[in-house]
Every structure is written in C-alpha cells, then in structure tokens.
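Participant: Residues per chain, in single letters:
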Amino acid sequence: MNRLPSAALGAALFGLAALPAAAQEAPRVPAGAADLHVVYLSRENDPAYQPVRAENGVTVPTLPDPFPGAELAIRDTRATARALDLAVELDRRVLPEGAPVAEVAAEIARSGAVAVVADVPKDDLVALARAVPKTLAVFDVRQHDDDLRAGFCDAPLFHLLPSDAMATDALAQFVVGKNWRRAFVLYGPLPADKALADDFAASAKKFGAKVVAAKQFAIGNDPRRRDEIDVSLMTASDDYDVVFLADTAGDFGRFVPWQLSRPRPVIGTEGLRAAAWDPLAERFGAPQVNHRFARLAKRDMDNGDWATWAAVRSVVEAAIRHGARDAAAVEKSLAEDATPIDLSKGVESSFRPWDHQLRQAVMLRSADAVIAYAPFEPFLHRRTPLDTLGVDLEESPCRLK
Amino acid sequence: MPGSRPTRVAAAILLAAALSPAPARAAGTGQIFVSNERSSQIFVLTPDGDVASSFESCGRPRGMQFTPDHARLLVACGSDDTIAAYDVATHKLAKRFRDVPDPEAFALSPDGRNLYVSNEDDAEATVIDIGTGAVVQRYPMGDEPEGVLATPDGRYVFVASEAANLVQVIDVAAKKVVKEIVTATRPRRFALTPDAKRVWVSDEIAGLVEIIDVSTLAVVGQVTFDVPGLRHDEITPVDMAISRDGRTAYVTLGRANRVAVVDVATLKTTDFILTGKRPWGLRLSRDETRLYVANGLSDDVAVVDTAARKVIKAVPVGVIP
Chain A
1 MNRLPSAALG AALFGLAALP AAAQEAPRVP AGAADLHVVY LSRENDPAYQ
51 PVRAENGVTV PTLPDPFPGA ELAIRDTRAT ARALDLAVEL DRRVLPEGAP
101 VAEVAAEIAR SGAVAVVADV PKDDLVALAR AVPKTLAVFD VRQHDDDLRA
151 GFCDAPLFHL LPSDAMATDA LAQFVVGKNW RRAFVLYGPL PADKALADDF
201 AASAKKFGAK VVAAKQFAIG NDPRRRDEID VSLMTASDDY DVVFLADTAG
251 DFGRFVPWQL SRPRPVIGTE GLRAAAWDPL AERFGAPQVN HRFARLAKRD
301 MDNGDWATWA AVRSVVEAAI RHGARDAAAV EKSLAEDATP IDLSKGVESS
351 FRPWDHQLRQ AVMLRSADAV IAYAPFEPFL HRRTPLDTLG VDLEESPCRL
401 K
Chain B
1 MPGSRPTRVA AAILLAAALS PAPARAAGTG QIFVSNERSS QIFVLTPDGD
51 VASSFESCGR PRGMQFTPDH ARLLVACGSD DTIAAYDVAT HKLAKRFRDV
101 PDPEAFALSP DGRNLYVSNE DDAEATVIDI GTGAVVQRYP MGDEPEGVLA
151 TPDGRYVFVA SEAANLVQVI DVAAKKVVKE IVTATRPRRF ALTPDAKRVW
201 VSDEIAGLVE IIDVSTLAVV GQVTFDVPGL RHDEITPVDM AISRDGRTAY
251 VTLGRANRVA VVDVATLKTT DFILTGKRPW GLRLSRDETR LYVANGLSDD
301 VAVVDTAARK VIKAVPVGVI P
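If you read the protein sequences in the order shown, they are chains A and B.
full-length UniProt numbering applies: residue 1 is where the first sequence begins, and numbers increase by one.
full-length UniProt numbering applies: residue 1 is where the second sequence begins, and numbers increase by one.
Hints were generated in silico from the structure; no laboratory data involved.
A portion of the hints provided could be inaccurate.
What the hints assert, rightly or not - Beyond 10 Å from chain A on every Cβ pair, some chain B residues (computed):
id	residue
1	S53
2	K92
3	G142
4	E144
5	R155
6	L166
7	I181
8	V182
9	R186
10	I205
11	A206
12	T216
13	L217
14	R231
15	R244
16	A265
To be verified - List of simulated lysine-lysine pairs, DSBU-like, C-alpha gap at most 35 Å:
id	chain 1	residue 1	chain 2	residue 2
17	B	K313	A	K178
18	B	K92	A	K332
19	A	K134	A	K178
20	A	K205	A	K401
21	A	K298	B	K310
22	B	K277	B	K310
23	B	K179	A	K298
24	A	K215	A	K134
25	A	K206	B	K176
26	A	K205	B	K277
27	A	K178	B	K179
28	A	K134	A	K206
C-beta atoms are modelled at their ideal positions from N, C-alpha and C, and glycine is treated no differently.
Just need the whole structure built from these sequences, with the hints factored in.
Facilitator: Take a look at the structure:
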C-alpha cells in the first residue's frame, strides 16, 4: 500500500529518510487510468512530532504521526474502488531535513500523482502550494490558521481541519445557545493567542455574545505585574457567564479553570474545545471509524489522523463520483463543490469553492466526551447551516471562479 | 441538524403479524416487538399500541426477525456478539448463536435454514446454519455493512455497506458476490416490492432511496424527498415498508422527524407524516390500517392511521427504540 516512489523521481532530489536503498530502485508503476497514486509528503524530523517539553516540567504527549489515517482511508474505500476497477495507492515520501520543498513539487506533478497529502510544517506547505501546478490538489491536513484560508485563493490548496474562525464560531454558537452571552476573554503571550482571542471576539459579535473584557496573561512571578499574572485578580472584575481562554501553547491554561475568581465554565483551549474529530465521538458512525483506526494503528484517532483520512477519502470520492482519473479532474471536482463526502459527522462535507476550506460539523469536546456538534439549530444560512461556521464568501478575499 | 441523532443506532420494530406469510399461532396476535438499543429491552405492544409487556434482552438489541413459523424471535445483539433467539410466547431465551462479531442486521433465508448476518466491525457477512449454529460461509464486504435482504426465491442476498457506499449481491447457489453496485452516500436498509422485482435501498446521508432491478441488478430509479421548509441535509431516510398491493411505500426520514408516503408506480412522494424525533424503524400492521414507527430520539413508538395519515397515538417504550 505504501508504494515507494519511483527511481525516476530521484532519490538524490528527495532522499528517502528511513527507507532502504534497494526500495528506491523499485521500478516505477505508471499511473494508468484505473490506478490512482496519492502522494503523502512529510518532512524528516518535523518539529510538530518531536517530544514537547512544558515549561514547568509537565510532559505534554507527543503528537502522533497521522499517516495511519491515510492508510485507513485506502482500506475503507477499497471495496468501492474495486467495484469500479480502481486501485488507489499511497506513495509516502519523506523530505530530508533542509531539502527545499519547491523542487519536489514539479517532480510530484510529473509523476502522475493525482493529489498530495501535505503533512508538513506551515512554511513548507506555503512553498508547496505556490510551486505545484494549479491542477494538482494539495491537502493541508494540519494547519488551522485563518491566513492560509485567505491568502491562497488561486492555489490548489485544500484545508481539512476547521479554521480558527470556524472553531470560535462553533463555540460562540454554543454559548449563545446556552444564553451565556457575557464572555471574559483571557489570552496568552503568543501572537497566535491574540489571534485566537480576536477570532472569538469576532464570533461573539457575529452570533450575539458580548466580550465584557479581554485581558492578556503573562507568565511569571513578579508581584509588581500581578494584574497580568494573577488569574484570580484578573477575573475578579465585571461579571461574566463564561471565560474564553486562548493559550495555544497549552501552558498556563490547564490551571485557569481553578484560578478564576468566579465559578464560571471555561471554553477555548481548555474546558470545552472545538475539534474536527475525537476518539470518543459516539454519533454518526464515528465509533466504527474510531474502532477501525484503533485496530490499524494501535492508538486513538485524533484530529490529524482524521484529516489525512478525510483527504484521501476526498480523492477517492472524486474518482468514484466523477470518474476523476487524473490530478486535474480531481482538483476540479473538489474545487467546484461537486463532490459531497460522508466523513462520519452526520452531514455531507464538501470544500467551499471560494477558499477550499472543508465545510464540516465541528465537535465541541470536553476532556472525556463529545458534548455537541456545531452548527446549532437556531443559526441558519441560505446555503447550508455548515456555512454559518467560518469565513463566508462575502467576508473572504477569495472569489468564486 | 447535527446533534439531533445519537449513536448510530438501529431502531428496530417488528410486527408479529406482518412479517411472515406463513400463518402461525404467534402471528395471530398482531403484537409488535420493539428493540431498545440503549436500555437493552424488548417491548411488546398490542396492535392498538398499548404496552403489553417488556423483557430484558441481550446487550444492545438491534435488528430483529421472526422465524418463518413465528415461534421464535431472532435478535442481533450488538454488544454481546451474539444472535439470540427468544420464544415468542414466553419471551424466554431459547437459543444463542455466539461469536457473531458486532451483528447489526440480518436476514433469514426463505427456507428458514440460514441466517445472513452483517458484521459491522469486520466488514463481513457471515452465514450461520440455524440448525447447528455453525458459521458456514463468510463474505468480505465493504466497510460497515448493515442492511441485509434475502430474495424470497432464495437466489440472492443483498448487503448494504454504509461507509463504502456499496450494495453487494451474493448469489446464494454460487456462493459468491456476483454484483457490486455503487450507491449514493450511506446505504442503510432494504425493502422488497411484493412482486420481488425491485429492491429499494435507503441512502441516508444522500437523502434518497435508490431502486434496484432484481433481474438486471442495476439501479433503475430513485425517490427523492422534498420536505417543505427543510433542508436537504435534514432528510435522512432509513427504514422502509411497502404495502402488500405494491402501491404505497412508507419511508422514515430520520432527522426530518417524518415518514414519507411514496407512490410506488411513479416513485413520487405524496405525503409526509410527522411522527416524532428521528424515526428509523417502521412496520405495517397485517391489515395495513396501522403503521408503527419507532422514534429513536423521543423514546416512543408512533401509531399511524394509514388512511388518515395521522399519528393517533405515541407510546413510550425504552431508551433509543
């Protein structure tokens, strides 16, 4: 299944971390009409999957390599593909540390691959999206930054995970539905923390909640800075119904629910969190997917695994529903919103034609349960309720082609 | 809307009188058996929709069917990995077929000898000899197989794999899959027209029903459901029942909280009946004046007057019928 890249693609160009040299000499199998190759690209020693050391000595679990999600998608679609005389295979390629991604893009395009699952750092993703031909779909299976959705309107870049704007919209819908309309926003020292807090403020405005105060939290012990350090002191002012916490590093946030001066629920990066997927999801066929994944990978399926799974399923769906047999046809079918995909979240997903964001239900999860699926019923949209989440066509710099 | 449907549960409802053409003592009672996935109970209702009794069942009872003589009720026990046979008269456990991984639905061969079971987790259909309890055959299926239908001539068994969007047709005599039909999204269950010429398959997420011609094994038509005021993604058809005269079909629409009435000849929807929250399983009474609809999210069974096309009663049953 994990077909090795062809010798023609050049071990010299890519290198192949952790693969035996002999394997690199394997003869190339031409991509025939019924033989689709999806490239799974990752980066050697990717910082995202390195062990994380927390500041205070508490170890944060290392993010697992999401490749098994892509493998599961191949297995899941095999019976249907076979019924149509179609074989879908993954070509796993690992970029050596420091090797420029742009040089690889053209090689991948020439190889006849129908799409690229790009499990790479953000700067690699950006370089890849700019370098590939416009007819070769690149799947972003990791990033949730809003700027990637806004800045690549003309690139064939498809985003699987909910954007930050979708995540905060989902949470804002939830709190408004509960009538917890007064939100206190607490954000950390990183630019990403501030960006997430701003996203929530926009979401609150969109759905009718109110940010009563937004304060930046600093890490330290200096008593002269206690108004930036002491959560109890910071949260003792005006009353609020809920605290939105933006601590993207997962650093101080763990303690915040127990440091508030008022007993209020916490949402955001702690407490109730927005996610694409959860191993404890109970509805819409998710337990079956989770079970199959656990049998394959011997661990729980999380967001990243779901994203690679959904990316490969999208390609196969384009091939099944629209007879797409080459990169251009796959890209066109996905970009034109023509392929509804069942991703075990209860409603059909598809890519928004303006910014190629996957429209999807967003799970709101606690530490040990999926509490709810956004969007929520009172919020309507003329196209689909899913488009109440995230950046709509009118708000996006991207336009329909 | 997301959120209006819990765990992928198979609401099952069974009517003693309606399911078997063979007249048997138990069949004469007209009782309705309703399985409840979450509370692991089977409720027995009278034809008028009163709760006659209930009994504790195996874990997570899902699909149910009577044996042709109506003496026994076969139940797929999702969390026990068994198919249990209950005595219809006494509600006592009579027999158990073990080691059937995560059974969801099944069909009995017309001669009553073999059970065709969909094993959701293993992407397999297993064939069990009812006499010996032995697994006599296994067929690899697409992922998450659910609906199973055996044609009354004993020739074919249809299996729907919901995650694979695939209907596979087993030729019983040849013991092999002879046809694979790619369907719209999430095929769930089957119904057969009384003349046995057409198989209906519900595509839950796509929100439609596809019609398969049994002689050619090709899709020859579809039924769509345009419920006024509802969006496409709120229409999730699951179970179906077709009247004996072959004219009228009833389709539960899940999230739409309605049952659709379909004119079989034209494949047009003629009416929608509001029944309760997330109706899935349904059966007609023997005289077809009543339709019993299990509402998974309101824990009740709606009794519908088919002439008036109105709910005349809602009977509370267990948890997630």
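Participant: Of the numbered hints stated previously, which ones are contradicted by the structure, given in increasing order?
Facilitator: Numbers 3, 4, 6, 7, 8, 9, 10, 11, 14, 18, 19, 21, 24, 25, 27, in rising order.
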